[in-house]
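Protein chains in written order, with UniProt numbering: chain C, 1 to 390; chain D, 1 to 224.
There could be a bad hint or two in this list.
A few chain C residues facing chain D, derived, Cβ under 10 Å [said to hold, decoys possible]: (1) F43; (2) L50; (3) E64.
Taking lysine to aspartate or glutamate pairs in the EDC-like style, the calculated list, with each CA pair at most 20 Å apart, reads [claimed, not checked]: (4) K101/C to E64/C; (5) K48/C to D181/D; (6) K238/C to D254/C; (7) K57/C to E170/D; (8) K199/C to E187/C; (9) K101/C to E55/C; (10) K269/C to D335/C; (11) K314/C to E296/C; (12) K60/C to D221/D; (13) K57/C to D221/D; (14) K309/C to E296/C; (15) K112/C to D212/C.
FYI, nobody ran anything at the bench for these hints, they're computed from the structure.
Glycine included, C-beta positions come from ideal geometry on N, C-alpha and C.
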Amino acid sequence: MIKQGPEDQLSQFLSPQLGTLRRRAALATTGSVPFEQLPYQCFQEARKILAQDREEKVAKIIAETAKIRRLEATDASSYRGGEAYKQKRLQSLRQHVEQLKILADINDPMVKRRFEDGKGDMSKPIYRYLAHRKWCSMERKIILQRIAQFHIVPDLLPKFEPTMAVQMFFRTIKASPGATLDSRITETAPTLRMQVFDKGERLISIVVMDADVPDPESNAFSKRLHFMATNITWSPIKDALPLSRLGTDAASPDMGALPVPWLPAFAQKGSPYHRLAVFILEQENNLPLDTAKLQELYDGQGREGFSLKSFRDKFGLLPVGFNMFRTEWDENTADVMARHGIPGADVEFRRPRVMSLKPPRKARGWEAKRQTLKYRHLWKYTKRIKGIKY
Amino acid sequence: MSFYLPSLRGHASRFLTRPATLTSTPFFSPPTTATTSTQCLFAPSTRAVAFSTTPSPLAPPNAKNKGTGKPGKPGAGGKLKPGSKPAKKKGKGKGKGGEEQIDPRFINMMRHLAVLSPKRIPPPLRMGRNRHLRHWTIHRAWLLFRRRERDARERNLQRQYQSMHAAMEELRLTSGPGTRDEGYLYRVATEKKGVYGLHGVPIEYARAQTETPARVAWNHDWKR
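Could you build the full structure based on these sequences and the hints that come with them?
Have a look at this one:
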């Protein structure tokens, strides 16, 4: 077995005679030295270069901020481009400052270590940048693939590009995007771990909808709203939001309101898998939505035929996050539906039989050709074949 | 032993897996006599025993191979190709001693496959966390240092170029000395006399410049 641990612990397993004198001396004396002051020559030289670079970057940040302040104080009429020019210049200067803030800290080994340990302070731009880079490296690609392969984009929204990370946990078990989940697991609302990568607080709404509700009258599929929560205050430093706790006494005021409570995901027997899409929408100008109006519009009968696009347009929302799971009829679905008073557990869907439009075919084959009187001598082979009647 | 497998896959896997028993590369260096003799003794195929020509002190004395004492040719260490017939003894030629000739294309292919072998590709660096962080720090500092050097060099070159450009522009617009008209100094300064050696011309001007120059510059054997 390979032993693991920090260097000074590992060195205790060794014989005191092992290693060079230099190494033994180093191990004996550097146990309490912090990482940054470890006496490795090249490392210390490298740190000097990095520290110098950081100083340059910080000086640049100070200079740029002074420039921004000067620009803000100047009247826009003194520029040939006017107010538009001033705003554009301010915007690009601010963007430059943000970049410099990231560049100042990106070479710090302690920052890297803290981020890898998950102890990064998300209120700082460098950790947000690192988190965004990590999200883009794999998770975002998977989400984009799910959006494409499950046709979320033409079906639910005409255009959509997620900009925040959303992970879904059902009773502390992580559900990978697009997984087919047991209906007993999805009976309670999930906990969402959401990470936004731009600074500041904002108000968000959360929508969970079923995109594949079979509609036998019109021989088509419609949509249904399963959950809606609004006016949730969210910021980069926030981590997880248990949806099941919304609307209860345990909910804090910044957890927002719950116009439409959780309806368990279910699929009736025989219907193909249902896509349950979780959308995070950012509210326009951080203005709270009218909960009573939402309840009136979408609760109860309003759940059926829910359209995310019209919801977005009606209330000026911007979809920013996405995750999804699937559900199928399984052995627990009937119980779940009974427990929550959902009718239709005894319905089984079947595809309608499509009859062929081709006319019936004449009999073909060697025997069929030899049924006439001309082949009377072959009748003993061609007549009275079991199961076939010519 | 996969050494005797006739298929290519056997050889390739041998290259890629590196068995512990055989450490020398069979195609580029002749196998050691001890290893080969072991192969001869324990090889399941009798053909391999009969036609192995590598000299071996451990081989049975009545074995037919009369070793010349020379090491086998690269790539011919007692190899048998699929479908190859037992080599006949020839009075002369390269096949002396019944050595098998391996297809040079095969050797070439194996040489290219060998590039992928773990012998050639070093394993990834494995370090403890602190050590890796130190390594990373040094790496980042090195990248930063190189970037700084490059930027300084490029800035210097650009400065020199612009300064030269300004000087030439100044020359072009200057008239003189004496009664010389404008631009004389510029023309004199940009002449390439002596640049290609004393009284020299660029060697490219020695023949007519064509889009498709001849592969052989001069045919000395040409006769009418």
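Results for each hint:
no.: 1; hint: F43; result: 5 Å, holds
no.: 2; hint: L50; result: 5 Å, holds
no.: 3; hint: E64; result: 19 Å, violated
no.: 4; hint: K101/C to E64/C; result: 11 Å, holds
no.: 5; hint: K48/C to D181/D; result: 59 Å, violated
no.: 6; hint: K238/C to D254/C; result: 11 Å, holds
no.: 7; hint: K57/C to E170/D; result: 39 Å, violated
no.: 8; hint: K199/C to E187/C; result: 34 Å, violated
no.: 9; hint: K101/C to E55/C; result: 11 Å, holds
no.: 10; hint: K269/C to D335/C; result: 13 Å, holds
no.: 11; hint: K314/C to E296/C; result: 14 Å, holds
no.: 12; hint: K60/C to D221/D; result: 73 Å, violated
no.: 13; hint: K57/C to D221/D; result: 71 Å, violated
no.: 14; hint: K309/C to E296/C; result: 18 Å, holds
no.: 15; hint: K112/C to D212/C; result: 44 Å, violated
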